[in-house]
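Trainee: What follows is the residue order along each chain.
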Amino acid sequence: MIKFVLILTKQGQTRLSHYYMPIELTERPTLEADVIRRILARAPGQCSFLDYEDYKIVYRRYLALYFIIGIDDDENEVATLELIHLIVETIDKYIPKVTDLDLMYNVEKMHMILDEMIMNGRVVETCKNKILAPIQLMDSQR
Amino acid sequence: MSVLQALEEKLSKMPAPIRLKDLIRNIRAARTAADERSVVQKELAQIRDLFRDEDSVYRCRNVAKVLYIHMLGYAAHFGQLECLKLIASPRFTDKRIGYLGATLLLDERHDVHLLMTNSMKNDMNHNTQYVVGLSLSCLGSICSPEMSRDLAGEVEKLLKTSNAYIKKKAALCAVRITRKVPELMEMFIPSVRSLLNDKNHGVQLTAVCLVHEMCERSPDTLLHFRKLVPNLVRILKNLIMSGYSPEHDVSGVSDPFLQVKVLQLLRVLGRKDPDASEAMNDILAQVATNTETSKNVGNAILYETVLTIMDINSESGLRVLAVNILGRFLLNNDKNIRYVALNTLLKTVQADMNAVQRHRSTILDCLKDSDISIKKRSVELCFALINASNVRTMVKELIFFLDKADPEFKSYTSSNIFTACDRYSPNKRWHIDTMMRVLTAAGNYVPDDSVSSLIQMISETGSLQAYIVQQLYKALKDDISQQPLAQVSLWCIGEFGDMLVAGVVDEEEPIQVSEDDILDLGESLMNATSSSQVTKEYALLAMVKLSARFSPQSLERIKKIVIPYSQSMDMELQQRSVEFGALINTYNHMRAGLLERMPPMEKKDTDKVNNGELTDEQLESREISIPSTQNESKGLLDILGDGDFTAPVNNQPNKSEPMSSGGELLDLLGGLDLSAPPTVAPTIQPMGAPLNSVPNLMDGLDALQPMTTTTTATMNLMNQNTDLLGGLTNNIGAPSIPPIMAVDKDGLKVEFNFEKEGSAPHVVNITLKATNSTTNPFSSFIFQAAVPKTFQLQLMSPSGDLVPPNNSGAITQLIKVANPQNANLRMRYKFSYSTGGSTVSDQGEVNTFPANMFT
Chain A
1 MIKFVLILTK QGQTRLSHYY MPIELTERPT LEADVIRRIL ARAPGQCSFL DYEDYKIVYR
61 RYLALYFIIG IDDDENEVAT LELIHLIVET IDKYIPKVTD LDLMYNVEKM HMILDEMIMN
121 GRVVETCKNK ILAPIQLMDS QR
Chain B
1 MSVLQALEEK LSKMPAPIRL KDLIRNIRAA RTAADERSVV QKELAQIRDL FRDEDSVYRC
61 RNVAKVLYIH MLGYAAHFGQ LECLKLIASP RFTDKRIGYL GATLLLDERH DVHLLMTNSM
121 KNDMNHNTQY VVGLSLSCLG SICSPEMSRD LAGEVEKLLK TSNAYIKKKA ALCAVRITRK
181 VPELMEMFIP SVRSLLNDKN HGVQLTAVCL VHEMCERSPD TLLHFRKLVP NLVRILKNLI
241 MSGYSPEHDV SGVSDPFLQV KVLQLLRVLG RKDPDASEAM NDILAQVATN TETSKNVGNA
301 ILYETVLTIM DINSESGLRV LAVNILGRFL LNNDKNIRYV ALNTLLKTVQ ADMNAVQRHR
361 STILDCLKDS DISIKKRSVE LCFALINASN VRTMVKELIF FLDKADPEFK SYTSSNIFTA
421 CDRYSPNKRW HIDTMMRVLT AAGNYVPDDS VSSLIQMISE TGSLQAYIVQ QLYKALKDDI
481 SQQPLAQVSL WCIGEFGDML VAGVVDEEEP IQVSEDDILD LGESLMNATS SSQVTKEYAL
541 LAMVKLSARF SPQSLERIKK IVIPYSQSMD MELQQRSVEF GALINTYNHM RAGLLERMPP
601 MEKKDTDKVN NGELTDEQLE SREISIPSTQ NESKGLLDIL GDGDFTAPVN NQPNKSEPMS
661 SGGELLDLLG GLDLSAPPTV APTIQPMGAP LNSVPNLMDG LDALQPMTTT TTATMNLMNQ
721 NTDLLGGLTN NIGAPSIPPI MAVDKDGLKV EFNFEKEGSA PHVVNITLKA TNSTTNPFSS
781 FIFQAAVPKT FQLQLMSPSG DLVPPNNSGA ITQLIKVANP QNANLRMRYK FSYSTGGSTV
841 SDQGEVNTFP ANMFT
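Chains A and B, in that order, are what the protein sequence lines are. Under the numbering used here, the first residue of the first sequence carries the number 1, and numbering increases by one thereafter. Under the numbering used here, the first residue of the second sequence carries the number 1, and numbering increases by one thereafter.
So here's chain A without its partners, still in its complex pose (with noise of 0.2 Å):
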């Protein structure tokens, strides 16, 4: 089961989070903050896993973004990277040439899509189409 997702600069600032575990408010900044700290400490060439607490992050950078994955023993880790390219893929689709910047001024469409892809922990879709389709539609009747 995913724990949860995020999406952090290297400077640590939250992009994007998303829980499926039950977490105080108050201490979601501390878990990203500590987490943050682990994966900077760790040189490019190293293993993308992490044991943390009693979970494993799975993480992986694409130009100054981290995207960070929190599963519990019985995911597989290396299907866990396969859906972090999956969701890059996805917000690239939709998207195109997708920057960091793009990320941040639309959060809320990014909720949307990581909604449609993964549900209280679990993948839901894996076809890029299908994933989009229903924010396209809503985009189209704006």
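Do not rely on the hints blindly, as some may be mistaken.
What the hints assert, rightly or not - With a straight-line Cα cutoff of 30 Å, these simulated BS3-like cross-link-like pairs (lysine-lysine) come out:
#1 B:Lys830 / B:Lys745
#2 B:Lys160 / A:Lys56
#3 B:Lys347 / A:Lys3
#4 A:Lys128 / B:Lys199
#5 B:Lys816 / A:Lys56
#6 B:Lys85 / B:Lys42
#7 B:Lys335 / A:Lys56
#8 B:Lys295 / B:Lys368
#9 B:Lys42 / B:Lys21
#10 A:Lys130 / B:Lys816
#11 B:Lys769 / B:Lys830
#12 B:Lys160 / B:Lys121
#13 B:Lys375 / A:Lys3
#14 B:Lys180 / B:Lys160
#15 B:Lys347 / B:Lys376
#16 B:Lys428 / A:Lys97
#17 B:Lys745 / B:Lys816
#18 B:Lys85 / A:Lys10
#19 B:Lys428 / B:Lys396
#20 B:Lys180 / A:Lys130
#21 A:Lys109 / B:Lys199
#22 A:Lys109 / B:Lys368
#23 B:Lys376 / A:Lys56
#24 A:Lys56 / B:Lys368
#25 B:Lys368 / B:Lys404
#26 A:Lys3 / B:Lys376
#27 B:Lys295 / B:Lys335
#28 B:Lys199 / A:Lys93
#29 A:Lys56 / B:Lys347
#30 A:Lys3 / B:Lys745
#31 A:Lys3 / A:Lys128
What the hints assert, rightly or not - Example chain B residues on the side facing chain A (calculated, C-beta under 10 Å, incomplete):
#32 Leu100
#33 Ser141
#34 Asn163
No lab work stands behind these hints, which were simulated from the structure alone. Ideal Cβ positions, reconstructed from N, Cα and C, are used throughout, including at glycine.
Fit chain B to the known structure of chain A by using the hints.
Mentor: Structure of chain B alone, referenced to chain A:
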């Protein structure tokens, strides 16, 4: 004023709230954190006002801003109610933001979410699939048990629609409901099969999720869903066989996510079930061989396949395939793959140790990797792989690793190296060398009990002590700041200081160490700030011990070192110093005796016997191992596994039991008698007397010891061997005390022969000889004795239990009596035997002992 002007004025007083984009831009423009905070607070205040004004036009924009601000970390609870209002609105954009806000801001712990239930129910019956989808998503993310109960019916209805978009969301909703309220699981079971057969991958994916969750919750459902294995196998097959499908293709592999999920479910279904595993073997082999390994995707699928193969009852060929795949992973350049391989090998090493041994060298290489995750996994794996044949190389590598390791690894590694050495070390010298090396490498991170176990080991190996103390002295001279090393070295120097000064060790060049050098070292240790209190205590003790071993000139120096600590602020040091000072000054005559070299210490082994107390497992093994034969004393000894007892039935070398443990024996016997009569029965039964009569005999007298033979044997398993056999065999020669006839009845004659034991004047060995003058043999002959409290009695095991007829042979038994108070001996006896089909038993007293027995 014109109308237009008035309008403009009015409008300018109420500016439209800024868009989210603009807010973000403003926040970004803020240079400092204080700036940003002020921007945010201003905006929040404005939004709060607007919410109070119930502005429905711009509400969604405001809530979006609240969500963004909340994500940055500011408190935004007041947005929760607004989300509810948005959900109730008919506009889609409002609903969208409302549901998003609800998912982000609310969870089941807040009571506010209950207010959403009605809106959600309405939305689930909406015409537009997207609205339905919205409410399902929200329900699936945050619902509580109460909400689940309310809306489960709706969800189940939606599971049956034909719309794939709704079906997949409803399935995941069902997952959450199952988790929150397991009883509702049964509602969803019928729809599962049709869900799995759906063409849409999304629906299949979520259906697999649902089945997985249900199987985890209830074992009955697991059994029910085992029937689905063929369906799942078919799905996998379609995925692999079908050609390129643009929709779900990821780098050439069709829908890897679905494949991985199906494999996971197969794992859960196939576990511990041979039939299901049988059905999966083919498809697993196919997946394993057909998947491309060049891309990460392929590796993800292979990883899941390997996990599944290891978990189910797969055939051996498949297991070999899996381990080979893991081996290939280990050699992969990608760190992630190597990590994954190490992780899986760790899980499988228990089951398939040999297969993993082949990759040992690669795993040892991984130890040197810079990545901490990989290092951790490979260390654990290395320890699991150590066995008697490869222990030297492995430990060598591990010690290199220990040298460069982070502190968190050091304690883990060093404690494991100790355990491994304990179990597999080829000889003592290597063992001790390794331990010393670990002490120097690991420094202060060594676990606490290693110091004492190392000391215990050193005290046992007498031959190497000179070598050890030299090595430790050298090591300590180099570096006095490592506490465990210092403690062990100080103890050794204290004990074996004279060997160090003598300086002769074979195979090593002798180093010249003078007494002053050693005392210098000791003094520096005591004064060093890096020494802990325990180390200082060790040092004090070592100094004092050396005073007994070194020449008298050093005594003055030692006094000067030790005495000042009698004013130390530290209580432990002060106490020791005062005591040692007294020892040196006032009680000088006792000093040498007190400070003698310590005897080898015993290992505290938990499954052996200590101090005459039987452990639980010993008691159990006694009960279990009692065969039905009467003469089971030998049998018990064998079963208790002591290889030393190779003696035939006649002359059992018994361990000497300390005389004073009679009381404990009695307690144990009492316990055994009461709790497990069969254990004691074999010897007592032939007496025919009930068990209860035994205590009567003991009234006023000391311990009756019917089972002395067996109990002594079990009591004294690992303790010292004293040579009773010598006592037994040599003494039936010419006794200096005349023998007496103890019993003469019905053909049974029992004669007591006496012999003094040389070392102790008040101990006499009585050899009992039983003969049979009738024509029938006496079988199951048992003789028991009891003496007054002032004496101590020890009854050894008899030579047998059959007294041959017509005086053709005899049974001998040794009785040891100690008479510390020099009183007159009286003995009560009881014997029993069977002859000609009937049992005879009798008891009596012997007081015809010669008066000069103990003089």
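Trainee: Against each hint, give a clear statement of whether it holds in the structure.
Mentor: Hints versus structure:
no.: 1; hint: B:Lys830 / B:Lys745; in the structure: holds (13 Å)
no.: 2; hint: B:Lys160 / A:Lys56; in the structure: violated (36 Å)
no.: 3; hint: B:Lys347 / A:Lys3; in the structure: holds (24 Å)
no.: 4; hint: A:Lys128 / B:Lys199; in the structure: holds (17 Å)
no.: 5; hint: B:Lys816 / A:Lys56; in the structure: violated (69 Å)
no.: 6; hint: B:Lys85 / B:Lys42; in the structure: holds (23 Å)
no.: 7; hint: B:Lys335 / A:Lys56; in the structure: holds (16 Å)
no.: 8; hint: B:Lys295 / B:Lys368; in the structure: holds (26 Å)
no.: 9; hint: B:Lys42 / B:Lys21; in the structure: holds (16 Å)
no.: 10; hint: A:Lys130 / B:Lys816; in the structure: violated (95 Å)
no.: 11; hint: B:Lys769 / B:Lys830; in the structure: holds (15 Å)
no.: 12; hint: B:Lys160 / B:Lys121; in the structure: holds (17 Å)
no.: 13; hint: B:Lys375 / A:Lys3; in the structure: holds (26 Å)
no.: 14; hint: B:Lys180 / B:Lys160; in the structure: holds (22 Å)
no.: 15; hint: B:Lys347 / B:Lys376; in the structure: holds (14 Å)
no.: 16; hint: B:Lys428 / A:Lys97; in the structure: violated (68 Å)
no.: 17; hint: B:Lys745 / B:Lys816; in the structure: holds (24 Å)
no.: 18; hint: B:Lys85 / A:Lys10; in the structure: violated (37 Å)
no.: 19; hint: B:Lys428 / B:Lys396; in the structure: holds (16 Å)
no.: 20; hint: B:Lys180 / A:Lys130; in the structure: holds (29 Å)
no.: 21; hint: A:Lys109 / B:Lys199; in the structure: holds (29 Å)
no.: 22; hint: A:Lys109 / B:Lys368; in the structure: violated (45 Å)
no.: 23; hint: B:Lys376 / A:Lys56; in the structure: holds (14 Å)
no.: 24; hint: A:Lys56 / B:Lys368; in the structure: holds (23 Å)
no.: 25; hint: B:Lys368 / B:Lys404; in the structure: holds (9 Å)
no.: 26; hint: A:Lys3 / B:Lys376; in the structure: holds (24 Å)
no.: 27; hint: B:Lys295 / B:Lys335; in the structure: holds (14 Å)
no.: 28; hint: B:Lys199 / A:Lys93; in the structure: holds (25 Å)
no.: 29; hint: A:Lys56 / B:Lys347; in the structure: holds (17 Å)
no.: 30; hint: A:Lys3 / B:Lys745; in the structure: violated (89 Å)
no.: 31; hint: A:Lys3 / A:Lys128; in the structure: holds (22 Å)
no.: 32; hint: Leu100; in the structure: holds (6 Å)
no.: 33; hint: Ser141; in the structure: holds (5 Å)
no.: 34; hint: Asn163; in the structure: violated (12 Å)
Going through the hint list in order, the structure does not satisfy hints 2, 5, 10, 16, 18, 22, 30 and 34.
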